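Trainee: Please model the entire structure based on the sequences and the hints provided.
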Amino acid sequence: MKRWLPPIVIVVVLLGLWQLAASLDVIANALNIEPFLVPSPSEIAQSLWADRSLLLDNGWVTLQEVLAGFALSVVAGVAFAVVLHLSPMLRRAFYPLLIASQTVPIVVIAPILVVWLGFGIGPKLVIIALICFFPITVNTLDGLRSVDPDLLKMMRTLDASRMQTFRRVEGPSALPYFFSGAKIAVAVAVIGAVFGEWAGSSSGLGHLIQQASAQLQTARTFAAVVVLSALAIVLFGLLAVIERRVAWWGPRSTRTP
Amino acid sequence: MRTTSEAPIAEPQSVNRSAGAEQRGARSSPRSGDATTPVAGVEVDGLGHSFGELEVIERVDLRVQPGEVLGVVGPSGCGKSTLLELISGLREPTAGEISVHGEVDSAARLQSCAYMPQRDLLLPWLSAIDNAALALRNRGASRSASRREAHPLFERFGLAGFERTRPAELSGGMRQRIAFLRTLLAGKPVLLLDEPFASLDAITRAEMQEWLAEALAAESRTVILVSHDVEEALYLSDRVIVFGPRPTRAVGELAAPAPRARPRTEIVTSAEFTAARERALEALSRRPR
Numbered sequence: 000m001k002r003w004l005p006p007i008v009i010v011v012v013l014l015g016l017w018q019l020a021a022s023l024d025v026i027a028n029a030l031n032i033e034p035f036l037v038p039s040p041s042e043i044a045q046s047l048w049a050d051r052s053l054l055l056d057n058g059w060v061t062l063q064e065v066l067a068g069f070a071l072s073v074v075a076g077v078a079f080a081v082v083l084h085l086s087p088m089l090r091r092a093f094y095p096l097l098i099a100s101q102t103v104p105i106v107v108i109a110p111i112l113v114v115w116l117g118f119g120i121g122p123k124l125v126i127i128a129l130i131c132f133f134p135i136t137v138n139t140l141d142g143l144r145s146v147d148p149d150l151l152k153m154m155r156t157l158d159a160s161r162m163q164t165f166r167r168v169e170g171p172s173a174l175p176y177f178f179s180g181a182k183i184a185v186a187v188a189v190i191g192a193v194f195g196e197w198a199g200s201s202s203g204l205g206h207l208i209q210q211a212s213a214q215l216q217t218a219r220t221f222a223a224v225v226v227l228s229a230l231a232i233v234l235f236g237l238l239a240v241i242e243r244r245v246a247w248w249g250p251r252s253t254r255t256p
Numbered sequence: 000m001r002t003t004s005e006a007p008i009a010e011p012q013s014v015n016r017s018a019g020a021e022q023r024g025a026r027s028s029p030r031s032g033d034a035t036t037p038v039a040g041v042e043v044d045g046l047g048h049s050f051g052e053l054e055v056i057e058r059v060d061l062r063v064q065p066g067e068v069l070g071v072v073g074p075s076g077c078g079k080s081t082l083l084e085l086i087s088g089l090r091e092p093t094a095g096e097i098s099v100h101g102e103v104d105s106a107a108r109l110q111s112c113a114y115m116p117q118r119d120l121l122l123p124w125l126s127a128i129d130n131a132a133l134a135l136r137n138r139g140a141s142r143s144a145s146r147r148e149a150h151p152l153f154e155r156f157g158l159a160g161f162e163r164t165r166p167a168e169l170s171g172g173m174r175q176r177i178a179f180l181r182t183l184l185a186g187k188p189v190l191l192l193d194e195p196f197a198s199l200d201a202i203t204r205a206e207m208q209e210w211l212a213e214a215l216a217a218e219s220r221t222v223i224l225v226s227h228d229v230e231e232a233l234y235l236s237d238r239v240i241v242f243g244p245r246p247t248r249a250v251g252e253l254a255a256p257a258p259r260a261r262p263r264t265e266i267v268t269s270a271e272f273t274a275a276r277e278r279a280l281e282a283l284s285r286r287p288r
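Line by line, the protein sequences are chains Z and P. Using numbering that gives the first Met the number 0, the first residue of the first sequence is number 0, and each one after it goes up by one. Using numbering that gives the first Met the number 0, the first residue of the second sequence is number 0, and each one after it goes up by one.
It is possible that some hints are incorrect.
As the list claims (entries may be wrong) - Pulled a few chain P residues facing chain Z out of the computed Cβ check, cut under 10 angstroms:
1. Pro74
2. Glu84
3. Leu89
4. Cys112
5. Leu120
6. Leu122
7. Pro123
8. Trp124
9. Leu125
10. Ala134
11. Asn137
12. Arg165
13. Arg181
14. Thr182
15. Leu184
16. Ala185
Claimed, not checked - Cβ-Cβ distance ranges computed for the label pairs, FRET-style:
17. Z:Val74 / P:Glu154: 42 to 52 angstroms
18. P:Asp60 / Z:Thr102: 51 to 61 angstroms
19. Z:Arg2 / P:Arg138: 45 to 55 angstroms
20. Z:Ala78 / P:Glu148: 29 to 39 angstroms
None of these hints come from the bench; they were simulated from the model. Owing to the predicted nature of the structure, the values given are computational and were not obtained by experimental measurement. Here a beta-carbon is modelled for each residue, glycine too, at the ideal position from N, C-alpha and C.
Mentor: The structure is reproduced here in C-alpha cells:
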C-alpha cells in the first residue's frame with residue numbers, strides 16, 4: 000500500500016489545484032477565454048458518468064483496434080527479429096529500412112492510408128502496427144544478440160543444434176527484452192489508434208475527441224482522454240503481469256552468481 | 000616480457016613421466032567405470048595458436064592416457080583456457096595437431112569432449128536437474144526421460160532434494176556441482192575442466208576439491224584440469240604440467256604424489272605433497288631468459 004501512496008497523493012494534489020483554479024476562473028482569465036472552455040475535474044467526472052455509454056461504445060472500438068494492431072505487430076515484429084537474427088546478411092540489408100520506417104510521420108501517412116484502405120479498421124491496424132513494430136523488433140533483436148557468448152559455446156559442447164540453441168538459450172534470454180519493447184509498444188499503440196481515427200472514421204475515442212472538441216464540449220474531450228489513458232495504463236499493467244509470470248528471471252540475470 | 004624460443008627452460012617431457020603414468024594406472028583400476036562411456040586418450044603435437052598478431056601458445060605437446068587426470072597450471076593469461084577450447088574443437092589451432100580418441104577433425108573432437116567453463120553458466124529459467132540434463136535433451140531425450148537419467152547422479156553426488164531448485168536459489172558451490180553434472184551427463188569420454196572452482200571462496204573450494212576427487216574416482220573419464228592453483232592441480236591430478244607465461248610452452252612436469260581419494264587435509268600437508276608443490280612453484284617462477 001505504501002508503494003501506491005506517493006502517486007495517489009500527487010494526483011489528488013494536482014486535481015485539487017486544477018479544481019480550485021477552474022472554479023475560480025483563474026485559468027480562463029489568464030488565457031482570456033470563456034470560463035466554460037476550461038472544465039474542472041468535477042465537470043470531467045460528471046461527463047464521464049453522463050456520457051458513459053458513449054465513452055464505453057467508442058472505447059470498445061478503440062480497444063479492438065489497439066489489441067488487433069498490437070497483436071499484429073507482436074507477430075510481425077518477433078518474426079522479423081528472429082529472421083534478422085538468424086541471417087546476418089538480411090540483418091545488414093534490412094536494419095536501415097527498419098529505422099527508416101520510424102521516420103515516416105504518422106500524421107502524414109494516416110490520411111493516405113485512409114484513401115487506400117477506406118474508413119474501416121484497416122488503416123488503424125496499419126498505423127498501430129507501424130508504430131508498435133519498431134520497439135518490439137529492435138528490443139527482441141537486441142535480446143537475441145546480447146546472449147552471453149559463453150552460453151553459446153557451452154551449447155555447442157553439449158551437442159545442441161542451431162534450433163535447440165535458439166529454443167533453449169537465445170529465445171528465453173530475449174524474452175525479457177521483448178517484454179520491454181512490448182510495454183513501450185502498447186502505450187504508443189493508443190496514440191496510433193487516435194491518429195488513425197482522426198484521419199477518417201465514424202467511431203472510436205479519437206473520433207469522439209475530434210467531434211467533442213469541434214463542438215467546444217471540453218469536458219467530454221477530457222473525459223475521452225481520461226478513458227484513453229486508463230486504457231493504456233491497464234494494457235501496460237496487464238503486460239507487466241504477464242511478464243512477471245512468463246519471464247520471471249529478468250534481464251541480465253545470467254550474469255548474477 | 001617476450002620469451003625467446005631458444006634454450007629449453009626446463010626438461011618438460013622427461014621428469015617423472017613414466018612414474019606418473021604407472022601411478023595413475025595403479026590408481027584408476029579400482030574405479031567403478033561407467034560402461035556406456037568409452038575412455039579415450041588425448042594427443043597434442045606441436046600445438047601453436049595466435050589471435051591475429053598475438054601469439055598465445057608457442058608450442059605445446061601433450062600425451063594424456065585414457066583415464067588419466069592431467070593437471071595444467073600456469074600464470075593467468077597464459078592461454079590455458081585457449082588450450083582447452085582448442086582441444087575441445089571449439090577453436091581451430093593455427094599450428095600443430097590435436098587428436099582426441101584418434102580423431103583429428105574439430106567436429107569429431109567436439110563429439111568426444113565435454114567442456115566445463117570457469118563460470119557455471121546455468122540457465123536461470125531451468126531447474127537444477129533440467130540444467131544438468133541439457134545435453135540429454137539436446138540429443139533428443141524427452142524431459143521426463145532426461146530427468147530419469149540425471150536423477151541417480153543427484154543422489155550419488157550429494158545433490159538429492161535439489162532437483163527442482165532454480166539456480167538463483169543455489170549457493171556457488173552447489174551451482175558448480177550442477178555444472179559439473181551437466182558436463183558429466185554430456186556422456187563424453189574426455190572432460191575438460193577450466194578452473195572449475197576459481198569463483199568460490201577458499202573453504203567452499205577445499206570442499207569442492209574433495210567432492211570432485213571422489214567424483215573423478217567414481218567415473219573413468221580422461222580429464223584435463225586447468226588451474227592457476229598448484230595445490231588444487233596436484234591434489235586432483237595424476238600428473239601436472241606447468242606452463243610458462245605467454246606465449247605458452249611447458250616449463251615443467253611432475254607426478255602427483257598421492258592418490259586423490261584420501262581426506263584432502265591429510266594429503267596436502269604430507270611432506271611428499273609439499274615437496275611437489277615447491278617443485279611446481281619453482282618451475283612457475285622460473286623466468287625465461
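Trainee: Return the numbers of the hints above that this structure violates; sort them in rising order.
Mentor: Result: hint 1 breaks, nothing else.
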